[in-house]
Amino acid sequence: MKRRSLRMSALLASAVVSLSAVAACGGTDSSTPQAESGGGPVTITFRSFVKGSDVVTAAFNKTHKDIQVKFENVPSGADYYTKLASSVKAGNAPDVAVVEYNQLPEAVSQGELEDLTASAGSLVSEKFRPPVQALVNLGGKTWGVPRDVAPLVFFYRKDFYDKHKIEPPKTWDDFTKAMEAVKKADPEARGGVFQTGDPDALAAFAWQAGAKWYGTQGDAWKVDIDDAASKKVADYWNDLVVKDLVAQFNTVSDDAFFQALQKGQVVSYVCPNWCAGALQSTVPDQSGKWAVAPVPSWDGQPASGMLGGSSFTIPKGSKHPEAAMEFIKFITSDMEGMKAWLSSGTSSMLPAAPDLAPATSVFKLDFFGGQDIFSVASKAYESIPAGWAWGPTAGVTETAINDQLGKLATGEVRLADVLTSAEQATVADLKTRGLNVVQ
Amino acid sequence: MATRSARRQGRTAALLIGPFLLLFLAFSIAPLVYTAWLSLFSERSSGLGFGGTETFFTGLENYVRALSDEAFRNSFLIIALYVLLYIPLMIGGALLLALLLDSAMARAKRFFQLALFLPHAVPGLIAAVIWVYLYTPGLSPVIDALESAGVRWNFLSADHALFSVVNISTWEWIGYNMVIFYAALQAIPREILEAGRVDGASGARIALRIKVPMVRPAIALNVLFTVIGALQLFTEPRVIYRVSTEIGSAWTPNMYALRAAFENHDYGLASSASILIALLGAVLSYIVTRFSGRRGQI
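In the order they appear, the protein sequences are chains W and U.
Counting in our numbering, the first sequence runs from 1 upward without gaps.
Counting in our numbering, the second sequence runs from 1 upward without gaps.
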């Protein structure tokens with residue numbers, strides 16, 4: 001009893017000390033604009049699931065005395081967007097919220113977000129490349145500020161590949177051969193992963209191959225999910241799955257996947273650069289064994305697709321849009337903010353703004369034997385085909401694909417057919433919502 | 001004198017019913033009315049859809065859409081299959097356990113009663129999470145054990161998920177139903193059983209010919225309650241869907257409604273589907289009340 005109360009008071013004391021430390025730090029800086037009338041600091045809320053959000057919030061609060069940010073940690077996944085939509089409806093939405101690029105059009109069309117054209121339109125057009133601008137500028141207005149891009153790269157166990165004299169594949173043909181070689185070298189191991197619970201991975205491969213699932217033509221949507229490029233990608237992965245040349249996991253954030261990494265049952269996989277942070281925190285004992293190479297392409301020329309990537313938005317109903325924008329600028333377009341994200345060690349994202357790339361130097365690269373994985377990712381970023389857009393019914397598209405992905409291995413369904421039915425479901429839903437569609 | 005006591009009685013009744021009625025109105029009736037209201041409207045956008053949404057009155061159109069959607073109809077088929085598999089297994093098992101406990105030979109009755117009832121005290125969501133852990137390849141010691149015995153079984157595949165869900169539900173509910181049957185068995189007058197024994201009936205014969213017929217009303221009631229409960233099937237398959245999407249996002253009617261509302265932002269369709277589920281539940285409940293009423297007359 002006595003011991004517990006002692007510990008309790010120690011805890012309290014340390015809390016008091018750290019609080020005053022924060023207060024002291026807050027007092028040293030004056031670079032922020034004056035708070036809106038009323039004196040005391042403006043408090044805004046920030047809701048996010050991306051790694052390092054707590055660190056970047058603390059960094060902001062340390063240097064801004066007029067705006068204080070309260071961070072709400074929330075789980076990722078479809079439920080996040082459900083919660084966001086419901087909070088906007090209920091009038092208790094946060095002032096700043098993360099929205100991934102693939103979810104942005106849907107959130108905008110549901111009327112969940114504030115129009116940021118006036119406060120961030122010029123920032124977006126000056127700071128970011130056109131393909132990324134296209135992901136946040138919808139219908140001629142700006143809805144979010146991009147933070148990171150997520151080009152696919154190839155993660156592989158260098159020790160395994162060297163030992164068995166396998167070369168990191170340059171083309172998808174090479175990739176198939178590499179998968180065969182890995183399986184031959186160790187029947188328990190696989191050199192690739194097919195995610196049965198993440199249709200966006202398939203979208204990223206289609207994007208790389210030049211597909212454009214969503215497009216606009218005047219005032220109407222044009223949906224093409226089963227074009228030739230997408231079908232080629234679908235048949236290719238279908239074949240790998242049926243032949244058991246790649247391992248199947250729900251997602252690469254799953255416990256089952258991490259277990260397989262631990263056991264050496266996955267020795268390489270295609271993943272965006274953000275996977276590096278998760279990888280090194282999951283299997284720290286494999287430090288120095290991993291390396292990164294460009295993702296294989298169809299013709300051997302550099303090309304990549306994007307899986308993930310986030311923008312930051314102001315949900316409708318925010319009482320402090322100016323303070324919120326101040327915070328958004330810090331976490332998306334400011335060198336210090338960018339460094340804060342990456343210094344957390346859990347986030348290995350690639351800044352969307354090209355001039356912020358040097359911020360990645362704060363990310364320790366020991367896990368990759370000192371290899372500059374960000375330069376690989378930056379080159380991959382430059383090689384992403386332009387013209388990809390997400391649509392307001394991306395959720396329907398994803399569910400339609402998702403519900404079938406687990407059935408490929410048995411031959412029950414063919415991936416190419418899944419794409420065709422996903423297109424039909426998407427077009428039907430667009431029409432139900434009263435939107436214009438051309439075919 | 002009589003009227004005053006009647007008034008006081010009325011006041012006491014109001015006091016006792018009041019809190020229930022208030023909560024019932026706030027959390028059952030009000031949402032039901034609101035859902036019925038929502039089911040008559042649809043949200044529409046125009047052009048590319050970046051101008052937000054507008055709400056239109058569409059009458060019964062949402063009901064027509066729900067009923068003509070194959071996915072919605074299939075979800076009831078899944079429930080039917082589930083009931084066919086689950087009821088004999090769970091009710092039969094509960095009855096067997098209750099008979100065993102009731103038999104003279106049973107030892108440590110209290111222990112088994114408690115042990116079998118315990119899973120029911122675990123909240124459904126937590127139970128589902130634990131079971132899904134046991135179902136996930138690469139994590140589950142059960143799958144490892146099966147594989148070392150040469151058996152390959154994917155608990156989460158579209159074909160096997162029904163068995164996996166039935167297994168979870170049985171684990172959760174068998175003890176609860178057993179306790180009810182056991183209580184009913186205890187209520188059987190001992191003279192009747194003794195008469196049977198005197199006439200030379202064996203233990204098994206007494207169980208089948210005397211005990212089971214005498215607790216039949218309890219069995220029938222539990223079956224009907226279980227069917228109504230099955231209509232609400234949601235937690236277990238939803239948790240399974242999170243780790244393996246093979247069963248699909250609209251496996252049960254409630255999952256269909258959830259998907260419509262929160263993934264497709266189609267609150268009108270979700271509301272009409274929910275009302276249809278509630279209507280079916282109401283019809284089944286009506287049968288239950290009719291049935292228990294008749295039992296009272298016997």
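By construction, these hints were calculated from the structure, which means they are not laboratory data.
No residue lacks a Cβ here, since even glycine has one placed at the ideal position from N, Cα and C.
Treat the hints loosely; a few may be bogus.
As the list claims (entries may be wrong) - Cβ pair distances, simulated, as ranges:
id, chain 1, residue 1, chain 2, residue 2, range
1, U, D159, W, S86, 32 to 38 Å
2, W, T216, U, W37, 32 to 38 Å
3, W, T82, U, L114, 55 to 61 Å
Stated by the list, open to error - If we take Cβ atoms under 10 Å as the criterion, some of the chain U residues that face chain W in the derived model are:
id, residue
4, A26
5, G52
6, L139
7, D199
8, L258
9, D266
Quick rundown of the hints versus the structure:
1. U/D159 x W/S86: 32 to 38 Å: holds (35 Å)
2. W/T216 x U/W37: 32 to 38 Å: This hint holds: roughly 35 Å between Cβ atoms.
3. W/T82 x U/L114: 55 to 61 Å: violated (39 Å)
4. A26: violated (17 Å)
5. G52: holds (3 Å)
6. L139: holds (6 Å)
7. D199: Check failed: Cβ of U/D199 comes no nearer than 58 Å to chain W, outside 10 Å.
8. L258: This hint holds: U/L258 lies near chain W, its Cβ roughly 9 Å from the closest one there, short of 10 Å.
9. D266: holds (7 Å)
Going through the hint list in order, the structure does not satisfy hints 3, 4, 7.
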